[in-house]
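**Q** Sequence lines, in order, name chains A and B. At position 23 of the first sequence (counting the first as 1) the number is 23 in full-length UniProt numbering, and the numbers step up by one without a gap. At position 366 of the second sequence (counting the first as 1) the number is 366 in full-length UniProt numbering, and the numbers step up by one without a gap.
Treat the hints as calculated values from the structure; they're not laboratory data. Mixed in with the good hints, there may be bad ones.
Heads up, simulated SDA-like pairs for lysine to any residue below, C-alpha to C-alpha not over 20 Å straight-line [said to hold, decoys possible]:
hint, chain 1, residue 1, chain 2, residue 2
1, A, Lys317, B, Gly346
2, B, Lys178, A, Arg409
3, B, Lys317, A, Ile410
4, A, Lys317, B, Asn379
5, A, Lys317, B, Gly380
6, B, Lys317, A, Ala39
7, B, Lys178, A, Met237
8, B, Lys317, A, Glu329
9, B, Lys178, A, Ile410
10, B, Lys178, A, Ala39
11, A, Lys285, A, Gly268
12, B, Lys228, B, Glu203
So the derived list for chain B, only partly shown, Cβ under 7 Å to chain A, looks like this [to be verified]:
hint, residue
13, Gly36
14, Val44
15, Gly56
16, Ala60
17, Ser61
18, Cys234
19, Leu304
20, Phe319
21, Tyr326
22, Met364
23, Pro378
Negatives, chain B to chain A, calculated, CB over 10 Å [what the hints assert, rightly or not]:
hint, residue
24, Glu182
25, Gly260
26, Pro338
27, Gly397
28, Lys402
All values reported here derive from a predicted model rather than from experimental measurement. By construction, the Cβ of each residue, glycine as well, lies at the ideal position given by its N, Cα and C atoms.
2 protein chains.
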Amino acid sequence: MAQQTPDDKPTGLAYRAMKTLHRVELVAIGDELLNGLRANSHLVYLGDLLQKHDLGITRASEIRDEPEEMLAAFQQALERSDLIIVTGGLGPTSDDRTADCMASALKTPLVTNKAAEEAIVEFFRARDREPTPNNFKQCEIVEGGEALLNSNGTAPGQWIEKDEKVIVLLPGPPRELKPMFEEQVLPRLLKKAWAKEGAPPVEIRTLGLGESVVADMLEPILAEAGDKVRVAYCAHMNYVDVRLTPVEGGLDGKALRALGEVCRQRLGIGFLGYGTPDIACVILKQLRGLNKSLAVAESCTGGLLASRFTDMAGASKVFKGGVVCYNNEIKEAILNIPDCILSQHGAVSAECAVAMATAVAELMESDYALAITGYAGPNGGREPAGTVYLGYHSPVGAWSRKVVLPGNRIAVKERAVVASLDFLRHKLEKYKMYDLLESLKC
Amino acid sequence: MAQQTPDDKPTGLAYRAMKTLHRVELVAIGDELLNGLRANSHLVYLGDLLQKHDLGITRASEIRDEPEEMLAAFQQALERSDLIIVTGGLGPTSDDRTADCMASALKTPLVTNKAAEEAIVEFFRARDREPTPNNFKQCEIVEGGEALLNSNGTAPGQWIEKDEKVIVLLPGPPRELKPMFEEQVLPRLLKKAWAKEGAPPVEIRTLGLGESVVADMLEPILAEAGDKVRVAYCAHMNYVDVRLTPVEGGLDGKALRALGEVCRQRLGIGFLGYGTPDIACVILKQLRGLNKSLAVAESCTGGLLASRFTDMAGASKVFKGGVVCYNNEIKEAILNIPDCILSQHGAVSAECAVAMATAVAELMESDYALAITGYAGPNGGREPAGTVYLGYHSPVGAWSRKVVLPGNRIAVKERAVVASLDFLRHKLEKYKMYDLLESLKC
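Just chain A, with the same shape it has in the complex:
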């Protein structure tokens, strides 16, 4: 991928990623995964978790709730893979056929599992309800398999070992699947030494740089590490993430973190943080460290910036609040934006953005303030849709910045929010000595 020069044959890096000791296959059951009603979120969850335990998923598929389809898929998976994880189709209804299809594929009968039966009786007793005969269908486990008890529902999972393969059946609802996997499946995989509690991967989030720019910047550093580390890039709407995963016999945790530090240095202000931090979270921590407060005034983003701060617990120590002024009267009435600014420069202007930031800082008595005003689309005004002015107020001064953002209304809102936060991040970086001295005064 990006870490290769285009003329190369696939290199060691790309190849190593696929060479695992065990082939892992995820088979997700459900018509709703194929008709556009639901995304296969289990694949993202399990893919991430297994990758972090050096047991990446080799292949995944989505299969309809139809016995012939399921049987064929299970047989194929059993032929080519060592670990087969099946999600869904374990419920009490007649179209929940995962257990009997897997039993057929394994040519092994289903037997009633006592522990699972007791768990179901207990589940219903605790809720003062009566189980139906269908609920007991769920106690049927492939002979020789173990029931994985379900603390959040009635369908037990199954752990089956046969012919040196492992088959895991998991219930479909995420709140049942996740604890079952983490508490009962992962420990068994670790015990078998298929999964490894190795060094955690180092994740680096960058902001303001394109994927190819990030790859170009890091290539010399990562080329030196060669095939001692697995590298993956992922571009999101605003961020590009780089994930450095340890490989068997490669860099250890300390060396991996040191490599991360070298990347960080190289990326400069493009480095947002380790892990996958949201920029609002980064800003919040910086301001908390400075013991400073923030307020926001929003027009076209309509509260999205404010909402981003309040996604985090403890935000109220820094974030004072915001004003959403969606028309000019509100800008005048609540923020006291002078009519002359609105009539001379318009509500979408650098002047108005700065006035909004300064006004909301005064109104809420905050140290810093951000303001956003622009055309989210689909229509523009004096300027095209996507034109957004950012206003910034701080103890060292007030600035504005114009950005032109691509995409539809929702995308423009999202990009404007991140652009305003990045504006603040750059200013904080530039004036950090001043901010530091200021914070010591308090």
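Following the hints, position chain B against chain A.
**A** Relative to the frame of chain A, chain B by itself:
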């Protein structure tokens, strides 16, 4: 599923859904789909679109960027399916191997396509850049296939017909894939009469009812339609959707819409709308119809409610703005919430919610107002996390409602926003005669 009684064998409804004339298989290429970095969004998009054209996806899989894996997956797909859609792996780099792996699977050579070559030259000319030799690798099309020109990138797609099968290769980036599919692939599938421009499905969105309640309410109605319609349910965090899809030889468009109307009647206030409307959009339309305005005051949801309105173009006719008051000083200073309310009842109280709604209506001179104050978590206060008070101000009076919402902080925020909008929806419904008379006065 839910439309069956648990004791049934899978009925005609469930079975019919799988019987299609053509087997359609999606093969998505990319390591990032398997290691948790990215969800397979193409499956959701194409699954929905094809289902609506009576050509549902039978099976899908995610495959690593490795030639052996890809070749094996393509060979298997060609054996069992009629239409094979491959996404990703068409880029200019050496690990973009979709075209040559498919050529191998089909035992057909790649040949340079003139039209694709010219399009690439033009693409770079328009951007004042020089193509590299790698870019021209992308002009290689499976012999006998057609290039699908890409107006948003350099990688052309491919349409290949061989042995009565159709193979479609699409570029990975959604903004390239979607227009290519809709403008070039779907018309070809319609022309072959594999896809059908049949009656569009009737989608019904419900709010405030659980999935099993919706199924129980609609079962008698839908049982009567028997296998003349395909029924699917999908529960989201706040909504339960029901989709009625026409089947060959079943209900026509008019009868399907009439069936939808019967469902609508049965669901009563639980019916939110046809399609998959957002509740904020429904409210906005209702208030626009009444020629009334709205303002909001938010504490724990921190701007999320306001942002929901401004996701829609033209919201400013109805939505005046909002105040995010994340601490008590702001509640006092900007909304003038009397100190006696805050000290006697607390900021998280029915009294404060009503006072916030009334205050913001006055401040912004709006007809209606909503307020939200509560404990989003992880910590509660005088009451547990998830406790939220909703305030509502209207020309006929002001009310509050207490809700206790499950989930983490993000989920509580999301649920509180929808609960407040649903509160307003119920009140509008109850006082609709009054609102109507009021609106005629204006």
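**Q** Are the hints correct? Go through all of them and say.
**A** Taking the hints in turn, this is what the structure says about them:
{"no.": "1", "hint": "A:Lys317 x B:Gly346", "result": "holds, 18 Å"}
{"no.": "2", "hint": "B:Lys178 x A:Arg409", "result": "holds, 18 Å"}
{"no.": "3", "hint": "B:Lys317 x A:Ile410", "result": "holds, 18 Å"}
{"no.": "4", "hint": "A:Lys317 x B:Asn379", "result": "holds, 15 Å"}
{"no.": "5", "hint": "A:Lys317 x B:Gly380", "result": "holds, 16 Å"}
{"no.": "6", "hint": "B:Lys317 x A:Ala39", "result": "violated, 35 Å"}
{"no.": "7", "hint": "B:Lys178 x A:Met237", "result": "holds, 17 Å"}
{"no.": "8", "hint": "B:Lys317 x A:Glu329", "result": "holds, 13 Å"}
{"no.": "9", "hint": "B:Lys178 x A:Ile410", "result": "holds, 18 Å"}
{"no.": "10", "hint": "B:Lys178 x A:Ala39", "result": "holds, 17 Å"}
{"no.": "11", "hint": "A:Lys285 x A:Gly268", "result": "holds, 19 Å"}
{"no.": "12", "hint": "B:Lys228 x B:Glu203", "result": "holds, 16 Å"}
{"no.": "13", "hint": "Gly36", "result": "holds, 3 Å"}
{"no.": "14", "hint": "Val44", "result": "holds, 5 Å"}
{"no.": "15", "hint": "Gly56", "result": "holds, 6 Å"}
{"no.": "16", "hint": "Ala60", "result": "holds, 4 Å"}
{"no.": "17", "hint": "Ser61", "result": "holds, 4 Å"}
{"no.": "18", "hint": "Cys234", "result": "holds, 4 Å"}
{"no.": "19", "hint": "Leu304", "result": "holds, 4 Å"}
{"no.": "20", "hint": "Phe319", "result": "holds, 5 Å"}
{"no.": "21", "hint": "Tyr326", "result": "holds, 4 Å"}
{"no.": "22", "hint": "Met364", "result": "holds, 6 Å"}
{"no.": "23", "hint": "Pro378", "result": "holds, 6 Å"}
{"no.": "24", "hint": "Glu182", "result": "holds, 14 Å"}
{"no.": "25", "hint": "Gly260", "result": "holds, 17 Å"}
{"no.": "26", "hint": "Pro338", "result": "holds, 18 Å"}
{"no.": "27", "hint": "Gly397", "result": "holds, 24 Å"}
{"no.": "28", "hint": "Lys402", "result": "holds, 20 Å"}
Consistency note: the structure conflicts with earlier hint 6 alone.
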